[in-house]
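These protein sequence lines are chains A and B, in that order. Taking this note's numbering, I'd label the letters of the first sequence as residues 1361 to 1632. Taking this note's numbering, I'd label the letters of the second sequence as residues 1407 to 1732.
Source of the hints: derived by calculation from the structure; they are not laboratory data. All figures in this text were calculated on a predicted structure; none of them were measured in a lab. Treat the hints with care, since some could be wrong.
Stated by the list, open to error - Far from chain B, by Cβ distances over 10 Å, these chain A residues were calculated: (1) D1427; (2) S1453; (3) P1454; (4) G1456; (5) G1475; (6) Q1521; (7) L1535; (8) H1562.
What the hints assert, rightly or not - Think about it this way: if two alpha-carbon atoms lie no more than 20 Å apart in a straight line, the pair counts; the simulated EDC-like pairs of lysine to aspartate or glutamate are: (9) K1439(A) / E1441(B); (10) K1420(A) / E1707(B); (11) K1428(A) / E1394(A); (12) K1439(A) / D1624(B); (13) K1391(A) / D1610(A); (14) K1585(A) / D1563(A).
For glycine and all other residues, C-beta sits at the position ideal for the given N, C-alpha and C.
If you want the building blocks of each chain, they are given just below.
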Amino acid sequence: MQTQQHAITLSDITINYANKCIIEQLDLTIKKGEITALIGPNGCGKSTLLKSINRLLTPKTGCVYLDKNFNVHQQASNKVAQLMAMLPQITQSPEGITVKTLVAFGRAPYLNQFGVLRQHDHQKVEQAMQQAKVSDLSDQYIDQLSGGQLQRVWIALVLAQDTDIILLDEPTTYLDICHQFELLNLMVELNRQGKTIVVVMHDLNQACRYADNLVIMKAGKVITKGYPEDVFTSKMLKDVFNFDALVIQDPESHTPMSIARQVNRPHKDQVV
Amino acid sequence: MRIHPTLFITALVAILFCFAIFHVGAGAIDIPVSEVFNAIASPISEHYFIVNNFRLPRMLISMLVGASLALSGLLIQGVIRNPLASPDVLGVTSGASLAVILLAVFWPQAPLELIPPTALLGGFIATAILLFLARHLLQRPAAFALIGIALATIFSAAIDYLLTVNPLEINTSMLWLTGSVWGRNWSHIPLILPWLAVLLPCAFLLSFKLDILALGDDTATSLGISVKALRVITIIVAISLASAAVSVCGSIGFVGLVAPHLTRSMIGNRHLLLIPATALTGAILVVSADLFARVLMPPIELPAGVLTAFIGTPYFIFLLCRYKNW
Ligand SMILES: Nc1ncnc2c1ncn2[C@@H]1O[C@H](COP(=O)(O)OP(=O)(O)OP(=O)(O)O)[C@@H](O)[C@H]1O
Ligand SMILES: [Mg+2]
Chain A
1361 MQTQQHAITL SDITINYANK CIIEQLDLTI KKGEITALIG PNGCGKSTLL KSINRLLTPK
1421 TGCVYLDKNF NVHQQASNKV AQLMAMLPQI TQSPEGITVK TLVAFGRAPY LNQFGVLRQH
1481 DHQKVEQAMQ QAKVSDLSDQ YIDQLSGGQL QRVWIALVLA QDTDIILLDE PTTYLDICHQ
1541 FELLNLMVEL NRQGKTIVVV MHDLNQACRY ADNLVIMKAG KVITKGYPED VFTSKMLKDV
1601 FNFDALVIQD PESHTPMSIA RQVNRPHKDQ VV
Chain B
1407 MRIHPTLFIT ALVAILFCFA IFHVGAGAID IPVSEVFNAI ASPISEHYFI VNNFRLPRML
1467 ISMLVGASLA LSGLLIQGVI RNPLASPDVL GVTSGASLAV ILLAVFWPQA PLELIPPTAL
1527 LGGFIATAIL LFLARHLLQR PAAFALIGIA LATIFSAAID YLLTVNPLEI NTSMLWLTGS
1587 VWGRNWSHIP LILPWLAVLL PCAFLLSFKL DILALGDDTA TSLGISVKAL RVITIIVAIS
1647 LASAAVSVCG SIGFVGLVAP HLTRSMIGNR HLLLIPATAL TGAILVVSAD LFARVLMPPI
1707 ELPAGVLTAF IGTPYFIFLL CRYKNW
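Next up, chain B with everything else stripped away, as it sits in the complex (with noise of 0.2 Å):
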């Protein structure tokens, strides 16, 4: 199946549209969709006030969340070459994440700031460990991608242990985790829009050479790339987008898996379409995963990593018993 490029971009800004007004409008207080604009413009709307200073955010959030993760999986799955790559199978979100609450439980009073590099840090770590255990195993991506699980759940394990000794922190950090959007607020978007404002025009320069790297190192390096120099930007770009999402809401999984799949199926391998593509692709899962969240079984909120989770791994799975080059 095959659909024409722009038609499908345009499709996803509409698919997106839709699920943003939703999203802002449901919620505890339920207010229709022809009102939301209303609310979101004219400070007298009685929903004004919860509108912008609740919903728009989180909403916004999520898009932001949804399109640095799924761009993240996008460059890691092009340039290791590895369809069940992503920074969540990698344990490259979870190494983000242990930062975070490494610096939460040794420096409750740290200032927001510091969550951004610290994850890109434990981002990092995480990825450097992943590629020296890893290291011969670069053409076998399913033994790759099996190092990057065992990681995640050790890196899993130490941030359970550290919230289990430190129980004060449980509660916020808890919903954090497991990929909530839920409380964020104005003062979580400067954490990850100037990242992504950075990060998606670097994406987009390296969009061409991403392509060549497909027809494999030899023929990208006789076509003049160097495509090691290719490689460590192009993780460094991955494994920073990630991480800018991991400090405003924790790990939400899969969508770094799922949307780069999804967009590739729909409209083939050329990465200057596939990254807005997949970028929107990743802001309507993360959206529509949290406006589900909270709509399915009100009034309890689920995060929307579980949402994602549960989409996600039967997903996961079904690449890998697919998959054919153990």
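Chain A on its own, in the form it takes in the complex (with noise of 0.2 Å):
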């Protein structure tokens, strides 16, 4: 029954790049059906732990499990691929193919050796490019996006690959505000739909009012976790973003939120 909660159990995972340690026997599960997100400072490990959960990357030691005898990194390639998409920090896009084809390569661990899509990956696709609200780019050549169209674009191929588990590595960069906060919603629209979402995010706020579950890194390291509510104090943000801040509530959600002390910024009829 235990593992029937987790999406993804974590044991004694250690992680090096050439020879220095990032991540050091680090145990974690994340709940089926939740919106996680992982928050930590800059280079504390936060991508490196989802690259491996997604088999970007090895760990020296450790194992990653969906299910009790599903151990990702000894499974067949595309079969994880059915279970888990990825939206990486750093895309790569090919110049010359059109959103649409960008979109359609989501369907890859569906379709046969030559890429044919049948009818049910196309509705699949134009229905992940409406939810990512791409479809009116639908045949325009990526190379002439802006970022955040693209952004967006990339989001559309996550969602094509219509998996219970999302790993979404900082989705709301290059977006501006309304965006974002469209793309949160959908996030929560599609956990309503049962799927489980991880998403490192760098907006402390956004991440109290949208996630279920709060995971707090430093130093390769998992501090704390729990709801939002119980982690998310001054003194976490003091110890791990060394940042001095007012905890409240939230007027909107009333769930927590940060304001930063003011510190060293002189009001501005001082320095005239």
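Given two chains presented individually in distinct reference frames, assemble the corresponding complex, making use of the accompanying hints.
Take a look at the structure:
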């Protein structure tokens, strides 16, 4: 029964780059059907952790399980790809292909050798483009898009993959404030459909608002995890981010939010 | 500039066909275009013997070699995502040549059938050395290509040395090395045709995966591709194609670099279409190079490889000048 509640279980994960140890003996479980936000300062290993979950990196020790007997590093690659999709922090877009072509690559784990799309796949692609609000860009070449448009096209690709687990590494980068919230709302909508979402975010207030759970990392370790109400405190912000802030309740969503304490910035009148 | 792929491929077939006819027709005895088909098909034609015994096999070999080299270049560029790569720039073809020369020097009576496996072995050893030396430079196309060029130079020096100390071999070997289809006949076709017959379908089977690999290793893995396995298989196919070409006519330079570039700029990045288009372009390049090599200054016959180098080297320099990510 225990494992049924966990979408992802990491046990004893150690990850090295060359001989630098980035993550050491990390254990973590991600609850099924929830939105989990991974937060922490730059370089603390968030992307590294997501990559190892999605087997873009092979950990030196430890395993990643999606189910009790489903170790992602030992399963056929496209079988894992039918269960878990990921938006990387840095994407690499080839020249000379259209938005629709790129999004259709999201169907790859379900297709034959030649990548022929069936009726059903076309529907999924259309639906993904609608959800990510890129339907009207469908026939444009991707080298002609703005940064934010491109980011939404990549999100459409991830959605077209139609997996139960979605990993998003800073999905709101490049997006204007309106599209940021549209994306976050889309995340909630997908979550209501039963998808498990792990998302790396730098906007802590958005994280508190949209995530069921926070996993807080520092220097390759999980410092703490839990409901935003429980773990999101002034002390945590000081310890983890070295950030002096007041934590108050968001008047809109009633989740915690942080406001920076004014420290060094002198008043305008004083400068003049 | 984008052309509809089917239109482009049809045009390539037509162009190849024209060059093929001119190729068979041209030579010391000129056969008019209208006579060519007759000369191929009917034994009573006065040109039947010369066409069927010399010109036709030579033309077919040019096609097969061009297609193999071009395809090899396409696969290599796709898999290491390096626009400057091709089997000759990376030293694969000179490695294969060196192996064949070694065979010729140390075992002059070796049967013809031994040449392709020897070339293959040479090609693989050259690639292994390259990958070892450049293992930290895979992400830096220009540096990677530079190491390949240096390796190619060493192999060529070794070939020169072997030919100088074994002067008896020089004449035939020299011609073979500069990439000539001169004197190739039906007996050489079995050295390359079976390879292409097996490897071309392999390339088609890899095409969709190579499209996905263009999205980056991370995305490809996310989408269920075993990136490492794909790399290894594709490189094996590419080296085998290049080595098969080398085993019939030495190293014809720059076809593997130019043909994929040309087709990419015309029809985009889908490998399913790029594969036939690039193979056809390569075939056209070598057939036309051999045609011009014979008709430019008769009775002198230049090796086709000299002509492709004349066109290809400036193109390579152009690419290097334009290349920004040093
Ligand atoms: N390819 C690499 N080779 C060596 N070290 C790396 C590599 N990628 C990341 N690192 C190091 O690993 C550590 C963790 O990196 P990671 O990308 O996981 O951080 P992050 O938490 O995602 O940071 P950010 O918020 O800036 O995206 C960093 O110290 C980084 O310098
Ligand atoms: Mg990161």
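Hint-by-hint comparison with the structure:
no.: 1; hint: D1427; in the structure: holds, 18 Å
no.: 2; hint: S1453; in the structure: violated, 8 Å
no.: 3; hint: P1454; in the structure: violated, 4 Å
no.: 4; hint: G1456; in the structure: violated, 4 Å
no.: 5; hint: G1475; in the structure: violated, 4 Å
no.: 6; hint: Q1521; in the structure: violated, 7 Å
no.: 7; hint: L1535; in the structure: holds, 19 Å
no.: 8; hint: H1562; in the structure: holds, 20 Å
no.: 9; hint: K1439(A) / E1441(B); in the structure: violated, 59 Å
no.: 10; hint: K1420(A) / E1707(B); in the structure: violated, 60 Å
no.: 11; hint: K1428(A) / E1394(A); in the structure: holds, 19 Å
no.: 12; hint: K1439(A) / D1624(B); in the structure: holds, 16 Å
no.: 13; hint: K1391(A) / D1610(A); in the structure: violated, 25 Å
no.: 14; hint: K1585(A) / D1563(A); in the structure: holds, 17 Å
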